[in-house]
Amino acid sequence: MNSSAAEQPAVVFRLGHMGDVVLATGVLSHWHERTGRTFVFATREANLPLLANHPALAGTIGLAKADLTDAGWLRRTGELARQYAGSTLVDLHGTLRSRILALRWKGRVRRYPKFGLTRRLFERTRSDRFRIRLEALNVPQRYALALDRSAPEREAVLPRIFLTEDETRAAERHLSPISCQGPRVALHPYATHPSKQWPAENWIRLAALLDAEGVNWFVVGRNETPLTSGHEHDLTNKTDLRETCGLLGRADLLVTGDSGPMHLACGVGTPVVALFGPTARAWGFYPAGKKDVVLERDLPCRPCSLHGARQCVRGFECMTETTPETVMDAVRASLA
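First residue of the sequence shown? That's 1 in the numbering used here, and the numbers climb one at a time after it.
Bear in mind the hints are in silico, worked out from the structure with no lab data behind them. A couple of the hints might just be wrong.
[Said to hold, decoys possible] Label pairs and their calculated CB-CB ranges:
1. D211 - T164: 39 to 47 Å
2. R108 - I178: 48 to 56 Å
3. A46 - I132: 29 to 37 Å
4. E45 - P194: 25 to 33 Å
5. G72 - R205: 46 to 54 Å
6. G78 - E321: 33 to 41 Å
7. E325 - L299: 15 to 23 Å
8. R75 - S176: 14 to 22 Å
9. G78 - D240: 31 to 39 Å
[As the list claims (entries may be wrong)] Calculated cross-link-like contacts (lysine to aspartate or glutamate; reagent style EDC-like; alpha-carbon spacing at most 16 Å):
10. K106 - E135
11. K114 - E45
12. K65 - E33
Model, not experiment: these values are computed from the prediction. No residue lacks a Cβ here, since even glycine has one placed at the ideal position from N, Cα and C.
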């Protein structure tokens, strides 16, 4: 890399869901702390709040829906290539869109190992050969290899979300009507795909178990139907992305499925008890904090898909066979 390119912030490209971008935040911190390098992050507009106040970022690029149409992307890639000519492009997506951007880029392009073929082979064969290779590195470690020669330790690339004092105080105000002495447990009962969602009646039973032991709980997330509509502990749809991060930052623990808020909690240093069903460790999305706990069933049909989008013919037993009492045991152990 020539000196002029090294002096310019590299442009990091990652679209995807909220969790995909959150998983990149710790990698940005790792690169910045190790080399002093800064970055400009390009992602969907909806993901930009996740990057606020990040010390590794010199700027962000918000991509609107119109930018991501076929015609819009051809126009936008040309603009970005001209605007950031000479900068390094760090492709953390590895899709057709990012390949088109790379073809037009006027500078060096670095990519991360996506292990796409290995993932597909493991999904079809369940071979330990492929599983072991995939489980060796989680997604943030794979991201880091776009610029690093060897993968850092998992703890070095945990997600990082930087809350302000005002955001922390606002979270306390949100929680003041529903919190008393004792620990706080956040519950995120929602999922993008039904197969990753623990049954609603199990969440309600878990809330009752928490009540019985004097543990404060509150619900976070967004969903068409709140878990306990009208309940003062249910903050579903009542907070934006930064406010949700603030609430998670004031919790002692989050109970969730395989979800974006699972990574948000990691980003603000809150341990998680995560319920995994159709997805698996091999995909690289497991929480990696020292106090994080994953509850899962050892079934021959797991994993059945990358993101849990497939229909299940076995009654979702990978999720339904984990009982509220089992989760409560994990909550007690984590809080202790």
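A quick look at each hint next to the structure:
{"no.": "1", "hint": "D211 - T164: 39 to 47 Å", "verdict": "violated (32 Å)"}
{"no.": "2", "hint": "R108 - I178: 48 to 56 Å", "verdict": "holds (51 Å)"}
{"no.": "3", "hint": "A46 - I132: 29 to 37 Å", "verdict": "holds (36 Å)"}
{"no.": "4", "hint": "E45 - P194: 25 to 33 Å", "verdict": "holds (27 Å)"}
{"no.": "5", "hint": "G72 - R205: 46 to 54 Å", "verdict": "holds (47 Å)"}
{"no.": "6", "hint": "G78 - E321: 33 to 41 Å", "verdict": "violated (52 Å)"}
{"no.": "7", "hint": "E325 - L299: 15 to 23 Å", "verdict": "holds (20 Å)"}
{"no.": "8", "hint": "R75 - S176: 14 to 22 Å", "verdict": "violated (48 Å)"}
{"no.": "9", "hint": "G78 - D240: 31 to 39 Å", "verdict": "holds (33 Å)"}
{"no.": "10", "hint": "K106 - E135", "verdict": "violated (35 Å)"}
{"no.": "11", "hint": "K114 - E45", "verdict": "violated (24 Å)"}
{"no.": "12", "hint": "K65 - E33", "verdict": "violated (33 Å)"}
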